[in-house]
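So the chains spell out like this:
2 protein chains.
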Amino acid sequence: MNMIKILLLSVSLLVSSAFAETMLVNKQQFTVNNFKTFNGSTIDTVNIGWEAYGQLNDDKSNVILITHYFTGNSHAAGKYAETDPLPGYWDAIIGPGKAIDTDKYYVISSDTLVNASAYDPNVITTGPATINPRTQKPFGLTFPVVTIRDFVNVQKALLDSLGIKKLHAVVGPSMGSMQAIDWAVAYPDMVERMVSVIGTAQADAWLVAALEKWAYPIKQDPNWQQGNYYDGDKPITGLTQSLALITQEAMHPAIFNASNPNHNPLEKAPLMDINANYPVVDWLYGAAEKRTKLIDANHILYLVRANQTFIAGYGNDLASALQNVKAKTLFLPASNDLLLYPAMAQKAHELIGEGSQYDEIEGKWGHLDGIFSIQSKANELSAFLEQ
Amino acid sequence: MNMIKILLLSVSLLVSSAFAETMLVNKQQFTVNNFKTFNGSTIDTVNIGWEAYGQLNDDKSNVILITHYFTGNSHAAGKYAETDPLPGYWDAIIGPGKAIDTDKYYVISSDTLVNASAYDPNVITTGPATINPRTQKPFGLTFPVVTIRDFVNVQKALLDSLGIKKLHAVVGPSMGSMQAIDWAVAYPDMVERMVSVIGTAQADAWLVAALEKWAYPIKQDPNWQQGNYYDGDKPITGLTQSLALITQEAMHPAIFNASNPNHNPLEKAPLMDINANYPVVDWLYGAAEKRTKLIDANHILYLVRANQTFIAGYGNDLASALQNVKAKTLFLPASNDLLLYPAMAQKAHELIGEGSQYDEIEGKWGHLDGIFSIQSKANELSAFLEQ
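One line per chain: the protein sequences are A and B, in this order. The numbering of the first sequence is full-length UniProt numbering, which starts it at 1 and goes up by one. The numbering of the second sequence is full-length UniProt numbering, which starts it at 1 and goes up by one.
Excised from the complex, chain A in its bound form (with noise of 0.2 angstroms):
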């Protein structure tokens, strides 16, 4: 097991004691013929997996869209099985009774094109990694650049497909809330609520480089072949030094520290060869390479790629998309996020103006306090979905 999911096991046990009833989802598959992308491109046939809990009401006007994070997936609440370890990353909020209530609401994600965890059994995804059906060989390279609006498409598709013309809300975290923000603006008469949770409206100079030290560890292993690895040996070291940036770039140094409390400085090994690792590298590098088994190096490219293209409403002019927005809007990073930081989000919020509402989320987290102190917000989210 990974270290998030060590860490989210934690934060899980804390927060499940609340909640006795099990919420068992499973996965569906949805499938798009012909889906043409932002830059112009066709994808034959897009697959994706996605989830729903609750009920859909009659006049289908009870649902809310709940947008995944980076290296995230559809699995946002509940478990598969009783004896899975971990639930959905936002079980603390969606369920029975819960902030997203859904006693009341039909909760629906889906996972994106390009998924990080292209090999999660639990994950449909359409990327670099995909059988091309014209060649019967990975797409790898020849997959179009896709970005946040695509995500949204096939979104919009999705609930096309199932006759839902309003959501009731789109909520998400970091690249959900990308999402969530440019699902606002893309489709102002169908979105009646938005939740950005540690989120942005706009990847500035700073993010676009930010997250191109993500992709440069993978194009850089030799390995990597120009994304034409899947007949041999994969770019494992690069994806691990990837993940271990996304990682550690996630975290707050306070819960970093704490989560090393007997690090030594002075540590033997280290001292006396140059080689020799500490034992916080290693346990970070330690988790980022476990998770490449289920992680595909080529759709990390791709995630960085969507997130450095996006701005809401993918026009020259993020203030005039902005205030196209009819939703409600609710605006929720995190007091200490270093990868996502507040004033990206405070930036939206003016820019949409009178009416939107804003609030930081206290932890010690982090950008992670999106997933991890997420509860703490339970009952403003809670209200704001009732507004």
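Because the hints were derived from the structure by calculation, they are not lab data. Warning: the hint list may mix true and false statements.
For identical chains, the list gives no copy identity; a pair is met inside one copy or between any two copies.
Listed below are the simulated BS3-like cross-link pairs for lysine-lysine, each with C-alpha atoms no more than 27 angstroms apart in a straight line [what the hints assert, rightly or not]:
id : residue 1 : residue 2
1  : K268      : K156
2  : K104      : K27
3  : K268      : K347
4  : K326      : K219
5  : K219      : K293
6  : K137      : K36
7  : K219      : K234
8  : K165      : K104
9  : K219      : K290
10 : K156      : K79
11 : K219      : K268
12 : K36       : K165
Starting from the known structure of chain A, arrange chain B on it as the hints suggest.
Then chain B, alone, in the frame of chain A:
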């Protein structure tokens, strides 16, 4: 010219208009034989470069030692020639009539062991890139792991050779602050004043992992060859990534974005081609690649380790170590620093306790405010040195 130098030049031009006179300086070499390192090794011959500004008084009581930052060197102030585009990095505060007034003080600045810029003709250092006289080949990884304490002890030997028994002050930014703090702990009777700028008294677990990010890409580069690359291709790809990370992490997003005002997330090339880069990425990595001409990859690995092993006093108990400090102390972290964030300096300040002074440098640069915004604390620094 690399990006940092361009930025420094801009700042320097603004500042220098207030000072008509150019202080001309020259580099000297200091040699110490049979140098014993903290980890118990011996280096037969250590050569380092040093500069001095001002005049040593008769009783040698007016010495201020300046200790440099990670990618810095002994060129803290002045110019080698009138035609140099840039003066030393702290020229804004070191010189005649400036905060560290060379009309009063004799200011010494030396290159560290394993200095990053092994190929800079103005740097003299000893490290893995140095020819081992016993083998007539570069030391490579046979060079012992060295620590901040070793940097301090080379400086101590230099001062001993000059007959200097007291330091009016030791002042340094970032890694230079580590040296300054350790000076005050290691030689409490010798150090009268200590100024830590953007510093910390200990590498915590988070910092150790953050620093590892700078080492990993070098080790990942196939040209690295366990440090034996001196006869072949150098690990430029890995070193480039390392220097790009260092540059970005030293800059706050605000200044990073201000430096790239024309960034467009919908730039055509990266939207169409996963291999195409944004101009901001070319800017960051292009500048990093240019810097690889002067910088040795193994030296970066050794600097990373010197920082990772740092705990002032080099014992198990930082609190006790800092209680031994007799110097007057002043801590000047930068409010927006995301690398050695203010809480680190705050902790050291509090552990020293009564009499220690603390103030934050305000600025938009982040960590680099310790260099580029130091002028804003000139009066405070000057007053502290007179106390």
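Going through the hints against the structure:
no. : hint          : in the structure
1   : K268 <-> K156 : between (56 angstroms within a copy, 25 angstroms between copies)
2   : K104 <-> K27  : within (21 angstroms within a copy, 75 angstroms between copies)
3   : K268 <-> K347 : between (47 angstroms within a copy, 25 angstroms between copies)
4   : K326 <-> K219 : neither (41 angstroms within a copy, 51 angstroms between copies)
5   : K219 <-> K293 : both (18 angstroms within a copy, 22 angstroms between copies)
6   : K137 <-> K36  : within (21 angstroms within a copy, 59 angstroms between copies)
7   : K219 <-> K234 : both (12 angstroms within a copy, 18 angstroms between copies)
8   : K165 <-> K104 : within (18 angstroms within a copy, 77 angstroms between copies)
9   : K219 <-> K290 : both (20 angstroms within a copy, 20 angstroms between copies)
10  : K156 <-> K79  : within (25 angstroms within a copy, 63 angstroms between copies)
11  : K219 <-> K268 : between (34 angstroms within a copy, 21 angstroms between copies)
12  : K36 <-> K165  : within (21 angstroms within a copy, 75 angstroms between copies)
Of the hints listed earlier, the one the structure fails to meet is number 4.
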